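K.L.:
One-letter residues, chain by chain:
Protein chains: 2
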Amino acid sequence: MIEILRSGLYKWAGDAYTFNEDGQPYIEVVNSPNNPDGTHREAVVNGGKGKVIYDFAYYWPQYTAITSAADHDIMLFTLSKCTGHAGSRIGWALVKDKDIAEKMTEYIAISSIGVSKESQVRAAKVIGVLCDGCENVGVVESENFFEFSRNLMAKRWQKLREALKHSECFTLFKYPREHCLFTGEFTKTLPAYAWLKCKEGIEDCNEFLSGLKIVGRGGKAFGVDPIFARISMLSKEDEFNQFIERLLVATRGLAMGINL
Amino acid sequence: MIEILRSGLYKWAGDAYTFNEDGQPYIEVVNSPNNPDGTHREAVVNGGKGKVIYDFAYYWPQYTAITSAADHDIMLFTLSKCTGHAGSRIGWALVKDKDIAEKMTEYIAISSIGVSKESQVRAAKVIGVLCDGCENVGVVESENFFEFSRNLMAKRWQKLREALKHSECFTLFKYPREHCLFTGEFTKTLPAYAWLKCKEGIEDCNEFLSGLKIVGRGGKAFGVDPIFARISMLSKEDEFNQFIERLLVATRGLAMGINL
Chain B
1 MIEILRSGLY
11 KWAGDAYTFN
21 EDGQPYIEVV
31 NSPNNPDGTH
41 REAVVNGGKG
51 KVIYDFAYYW
61 PQYTAITSAA
71 DHDIMLFTLS
81 KCTGHAGSRI
91 GWALVKDKDI
101 AEKMTEYIAI
111 SSIGVSKESQ
121 VRAAKVIGVL
131 CDGCENVGVV
141 ESENFFEFSR
151 NLMAKRWQKL
161 REALKHSECF
171 TLFKYPREHC
181 LFTGEFTKTL
191 PAYAWLKCKE
201 GIEDCNEFLS
211 GLKIVGRGGK
221 AFGVDPIFAR
231 ISMLSKEDEF
241 NQFIERLLVA
251 TRGLAMGINL
Chain F
1 MIEILRSGLY
11 KWAGDAYTFN
21 EDGQPYIEVV
31 NSPNNPDGTH
41 REAVVNGGKG
51 KVIYDFAYYW
61 PQYTAITSAA
71 DHDIMLFTLS
81 KCTGHAGSRI
91 GWALVKDKDI
101 AEKMTEYIAI
111 SSIGVSKESQ
121 VRAAKVIGVL
131 CDGCENVGVV
141 ESENFFEFSR
151 NLMAKRWQKL
161 REALKHSECF
171 TLFKYPREHC
181 LFTGEFTKTL
191 PAYAWLKCKE
201 GIEDCNEFLS
211 GLKIVGRGGK
221 AFGVDPIFAR
231 ISMLSKEDEF
241 NQFIERLLVA
251 TRGLAMGINL
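Taken in order, these protein sequences are the chains called B and F.
All residue numbers for the first sequence refer to the numbering used here, where the first residue is 1 and numbers rise by one.
All residue numbers for the second sequence refer to the numbering used here, where the first residue is 1 and numbers rise by one.
In case anyone wonders, no lab produced these hints; they're calculated from the structure.
Being a predicted model, the structure only gives us computed values, none of them experimental.
Take these hints with a grain of salt, some might be off.
Pairs involving identical chains hold if they fit within one copy or between any two copies, as the list cannot separate such chains.
[Stated by the list, open to error] Here are the simulated DSS-like cross-link-like pairs (lysine-lysine), alpha carbons at most 25 Å apart as the crow flies:
id, residue 1, residue 2
1, 81, 49
2, 117, 236
3, 188, 81
4, 117, 81
Work out the full structure: start from the sequences and follow the hints.
P.N.:
Here it is in structure tokens:
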């Protein structure tokens with residue numbers, strides 16, 4: 001919006017790591033866990049005049065340990081990656097400063113006169129079901145939504161790591177186990193995306209994936225080297241299995257010396 | 001959005017009737033039938049460099065005669081006033097220039113990443129039902145949605161005109177009967193809003209309505225004299241009846257010399 005309307009108020013200043021206009025007011029957006037690599041992030045710009053917006057789209061216990069209570073000044077959440085209802089276009093913000101909260105509400109009113117009622121009704125129902133399921137965590141034996149989702153993610157990550165164990169093409173990030181305040185256990189990080197890094201000899205990871213009929217998103221789109229690419233771990237079950245199959249074909253193919 | 005982001009591309013230039021920056025490019029928005037007064041409108045700025053956007057939110061046969069096929073370059077429609085599904089936030093545009101259409105699509109993608117799927121599904125269903133009902137207009141006896149709505153609007157307008165027949169406070173616009181291509185008949189204009197004008201002695205129509213416990217919107221909000229006010233004709237049945245009751249109280253009260 002800033003770019004498309006050539007805003008007189010704001011300007012895109014690029015990567016936060018390289019931002020060094022001392023004393024200038026700024027807004028830093030921290031996506032934690034980070035998309036695409038799933039790591040926990042903190043603000044990186046040093047300066048007193050900035051506002052930091054925490055985007056917690058992926059800060060849910062099926063993906064990552066909840067290591068501390070979210071308590072920042074401006075925090076964004078969405079149902080999108082929490083339950084998969086991205087198409088409902090429902091998010092929410094927790095904001096400490098009343099003036100900022102009012103400005104945000106005004107922006108929503110002006111830009112869209114509010115969010116679809118159908119979506120609001122559905123989101124309220126979905127959140128109700130989630131909360132009901134979580135009330136008895138650790139007390140009742142039945143699996144709540146986050147446990148169910150965590151188990152699903154764990155199975156998928158296991159399949160992926162196994163498929164790439166002997167791969168001569170790709171490596172995967174290793175994530176630390178961390179103590180999760182939600183589950184009360186040390187849990188694995190199971191990101192929503194696989195952040196693949198190609199081994200030597202493959203320069204464009206996404207192009208290489210295309211050759212395997214796997215649709216990813218190249219590192220360049222995330223401001224890094226094309227030896228990286230992002231693949232969704234949230235596809236439908238049969239799509240995910242096909243993705244693993246195609247990765248295995250590559251591994252086997254290379255082992256047999258077939259030129260892919 | 002233009003104002004809130006201080007756009008470097010566009011600037012609000014005020015009332016189209018007073019716009020006279022010859023040769024400047026401009027965008028004129030024509031709301032026809034007009035909100036609030038229900039009259040048919042055409043572009044008023046003379047100049048070759050302008051784009052005209054027709055907002056046809058109220059161009060539906062329950063409100064107005066469909067006097068000609070809508071055939072402008074850029075036309076906006078919405079389910080909001082067509083069926084009352086304003087909360088679904090669904091509209092559509094018919095645009096002749098492919099480049100403009102693509103820019104509009106891009107804007108929607110950037111500003112909202114698309115519209116709620118729940119709303120899209122509901123809108124598709126609603127539009128399907130409307131179209132099915134209209135297929136046999138004039139052939140089958142059963143009332144389609146637009147006939148049903150037109151009859152409802154006609155009853156409400158009749159009640160309102162009767163309530164104000166002897167009013168010493170308000171007058172109403174008179175609208176011409178026009179030939180409607182949809183119904184094939186000469187039909188009355190039955191706007192979504194009553195555009196009330198106060199008679200001499202009442203300076204602020206909306207304030208006067210407030211005294212009668214009627215919530216309207218004053219003329220100032222529409223750039224005209226406060227002797228005008230807008231009242232929705234689309235409220236729920238019991239609300240509408242209460243509105244008529246309260247208008248009658250005013251008429252009777254004044255007839256009996258009660259100071260309101």
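K.L.:
A separate judgement is required for each hint: does it hold in the structure or not?
P.N.:
Verification of the hints:
Taking the shortest Cα distances, residue 81 and residue 49 never come within 25 Å of each other, neither inside one copy (31 Å) nor across copies (46 Å). Taking the shortest alpha-carbon separations for residue 117 and residue 236, only the inter-copy value of 18 Å comes in at or below 25 Å, while the best intra-copy value is 27 Å. In this assembly of identical chains, the alpha carbons of residue 188 and residue 81 lie at most 25 Å apart only when taken from the same copy (18 Å versus 51 Å across copies). In this assembly of identical chains, residue 117 and residue 81 lie within 25 Å of each other by CA distance both inside one copy and across copies; the values are 20 Å within and 16 Å between.
Comparing the model with each earlier hint shows a violation of hint 1 alone; every other hint is respected.
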